[in-house]
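J.: Taking the hints into account, I'd like the entire structure generated from these sequences.
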Amino acid sequence: MDESLSTSPARAPLLHSLRHAHRTAFNRMFAAVYFCAILVLLHHHALKLIHSTTFGSFLISLSFLVSDTFLAFLWFTRQCFLMTIVYRDEYPENLQKTLLLKKSSSDFPALDVFICTADPYKEPPLRLVSTTLSVMAYDYPTEKISVYVSDDGGSQVTLFACMEAAKFAYHWLPFCKKNNIIERSPETYFAANHSSWFFDTEEIQKMYECMKQRVEKVLEKGKVGEEYITEELERKAFSKWADHGFTRQDHPTVIQVLLESCKNKDATSHLMPSLIYVSREKSRTSSHNFKAGALNVMLRVSATMTNAPIILNLDCDMYSNDPRTPLHALCYLLDPKLMSQLAYVQFPQIFHGINKNDTYSCEYKREFRCNPLGLDGVLGPTYVGTGCFFNRRAFFGGPSTIVPPEIPELGPNSVVNKFIQSQPVLELAHKVAGCNYEYKTKWGYEVGFRYGSLIEDFFTGFRLQCEGWRSIFCNPKRAAFLGDAPINLVDALNQLQRWSIGFLQVMFSSFSPLTFGTRYLGPLMGLAYTHYCLWPTWFIPLTLYAFLPQLCLLHGLSIFPKLSEPCFVLYLFLVLGAYGQDLLEFLIGEGTVQKWWNNQRMWMIRGLSAFLYGSLEFFLKFLGISTYGFGLTSKVIDDEQSKRYGQGMFEFGASSNMFVSLITAAIINLVSFLMGLVQVLRGSKMEGLFLQMFLAGFVVLNALPIYEAMVLRNDKGRIPFKTTATSTCLALALYGLVSLPLGNRN
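Numbering-wise (our numbering), the sequence shown opens with residue 1 and increments by one.
Mixed in with the good hints there might be a few duds.
Pairs of lysine to aspartate or glutamate, EDC-like flavour, derived with a Cα cap of 20 Å [to be verified]:
{"#": "1", "residue 1": "LYS337", "residue 2": "ASP243"}
{"#": "2", "residue 1": "LYS477", "residue 2": "ASP139"}
{"#": "3", "residue 1": "LYS356", "residue 2": "GLU640"}
{"#": "4", "residue 1": "LYS265", "residue 2": "ASP139"}
{"#": "5", "residue 1": "LYS122", "residue 2": "GLU187"}
{"#": "6", "residue 1": "LYS282", "residue 2": "ASP243"}
Source of the hints: derived by calculation from the structure; they are not laboratory data.
T.: Quick look at the structure:
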């Protein structure tokens with residue numbers, strides 16, 4: 001089956017095509033067989049529960065019934081990603097031909113780019129500079145591009161970095177286009193070992209290094225000194241920070257037009273893209289709705305200035321890796337068969353700088369590369385917060401019914417016929433960026449990016465699809481965008497803890513995917529979204545399987561079938577089937593066996609840490625006991641830490657409560673496995689305890705980096721002694737606590 005943009009089938013050049021994965025039929029057959037096996041297992045648990053004779057056996061049977069029911073439902077919802085897998089190809093070289101064939105203007109639609117940053121000390125300004133320059137240098141009509149930098153930290157350092165980017169762009173843009181450079185992020189280009197350099201490369205690199213030094217010195221000082229100000233306009237811009245009342249949480253709106261496409265030209269006298277710095281008004285007495293609030297301000301400010309029909313949303317560390325990326329997106333956004341229903345085109349989130357075996361499994365290969373292929377066969381992938389081209393119209397109601405904003409100038413069809421720096425435009429832009437502007441409006445609820453979850457990207461994409469929109473997954477051979485991933489365990493787990501809270505907020509909202517989503521999207525999409533929202537509940541089965549069988553093993557109690565019993569084959573099929581299917585999908589998604597091993601190990605670690613603490617924090621907040629906020633993942637790289645990461649070593653250096661439960665499980669599994677091994681060496685019959693020993697051994701094998709960090713390492717990445725001592729005491733207390741009901745079972 002092919003989808004293509006055409007006016008006449010015989011003449012229209014093909015813009016995109018679609019093909020179904022051959023393995024879909026196998027996935028469906030395997031799912032049917034595996035589902036039957038799950039029903040048999042749950043029936044077995046129910047019978048054991050009914051026939052329990054002691055309180056201890058009742059608790060154990062109930063625990064496994066609850067745990068395996070969660071596992072069964074999570075497996076069932078996971079299958080929604082495997083039922084309709086499709087692959088797409090785009091033909092951007094045909095785009096210009098198609099527009100000419102339709103006898104329409106050969107001009108491409110205007111493009112507004114939103115780049116989000118919030119803290120120059122966690123998100124280095126030079127990454128922001130490289131990302132900004134990489135999209136300004138697109139192979140796209142430069143006068144059609146407007147780049148908006150959202151600085152939610154209100155930092156003069158970030159504004160200075162943007163000013164430096166504007167100055168460097170004067171030379172960088174013509175250099176890239178003249179030499180047909182593919183890597184248009186200067187940081188990446190100059191870091192690469194090129195076989196040949198152009199005659200002016202050295203001169204451009206010197207300019208870049210000078211800019212880099214200036215930005216780094218300003219970052220070190222924390223403010224822009226007089227020696228770095230060269231124009232009166234710059235002095236006027238930075239004077240706003242001279243007010244002692246100007247803080248990160250409390251400051252007026254700052255909008256600075258650094259480049260205007262109709263006025264500014266590069267070194268070759270070609271027009272440059274517009275570049276606008278935006279820091280919305282902040283007040284301690286007003287709710288700001290985190291990143292979603294910042295993006296809605298960008299929607300409104302850009303509407304007053306350029307109001308492009310296409311919007312690209314990027315994180316500050318996610319630079320463009322292919323100058324033709326907008327053309328790939330337009331292959332779908334300009335298709336008349338799709339455009340009336342198409343909300344966004346999502347590119348995969350791909351990371352550079354990840355070590356060989358992806359120690360912390362930060363690629364999220366399933367979530368960013370594999371799962372979208374399955375969703376694309378239904379209504380399209382989820383929105384992941386970056387690398388996404390939007391149809392601006394999608395933020396204002398469903399495809400058939402528009403929800404008008406409170407003033408017509410913000411509507412998707414409004415035409416801007418004034419210069420960006422004209423007084424009326426700037427006044428309106430400042431007004432709509434005010435912290436109280438959204439009061440008694442539909443912003444965040446029916447219009448724009450949606451509020452109600454810490455993961456505004458996931459929730460916004462879900463709501464747009466529920467309104468009748470669809471999305472497309474675009475995964476070209478050359479990665480469209482490359483970003484930074486956490487290189488230490490604490491950052492990786494903190495990020496996932498925030499996601500866990502956000503998922504639970506969506507799950508228990510009035511827009512729950514299980515009910516609301518299934519009703520409006522159908523069972524496949526509704527259950528797929530439910531799978532993500534129930535991610536945090538993995539802590540229930542993972543915690544039980546990390547502790548209960550091992551504690552029973554320490555007491556000599558058999559809770560799994562013996563090798564000679566028929567049920568052993570059932571357990572074997574369920575375990576090997578689940579792991580085998582997971583490994584197969586991972587390898588098909590261009591993964592490796594070692595990366596897959598690290599991925600399943602990190603899944604266990606996440607269950608005992610980020611998922612557990614994220615769920616706990618959510619329910620404490622639900623009870624009014626706790627509060628949570630949006631925490632940034634640090635993109636700053638420490639040299640020693642980076643070296644250990646390159647060697648594949650786990651980084652435990654920072655003290656974190658999330659490590660306590662994890663290390664407690666590692667200790668209990670090691671002790672139970674060694675005790676079982678001693679019994680085997682003594683000649684004891686362990687047939688009934690084989691599965692428990694195997695499980696303990698499997699956990700021990702996965703926990704080897706933990707034992708190494710507890711005992712063998714002396715570097716800064718080792719586990720703090722206090723954490724080890726706390727975990728040991730907790731393990732002893734847990735053993736004593738469980739002894740009573742297990743002892744009663746004897």
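J.: If a hint holds in the structure, say so; if it doesn't, say that too.
T.: Hints versus structure:
1. LYS337 / ASP243: violated, 54 Å
2. LYS477 / ASP139: holds, 18 Å
3. LYS356 / GLU640: Holds, at about 17 Å.
4. LYS265 / ASP139: holds, 16 Å
5. LYS122 / GLU187: Holds: LYS122 and GLU187 sit about 18 Å apart, inside 20 Å.
6. LYS282 / ASP243: It holds: about 14 Å lies between the C-alpha atoms, which stays within 20 Å.
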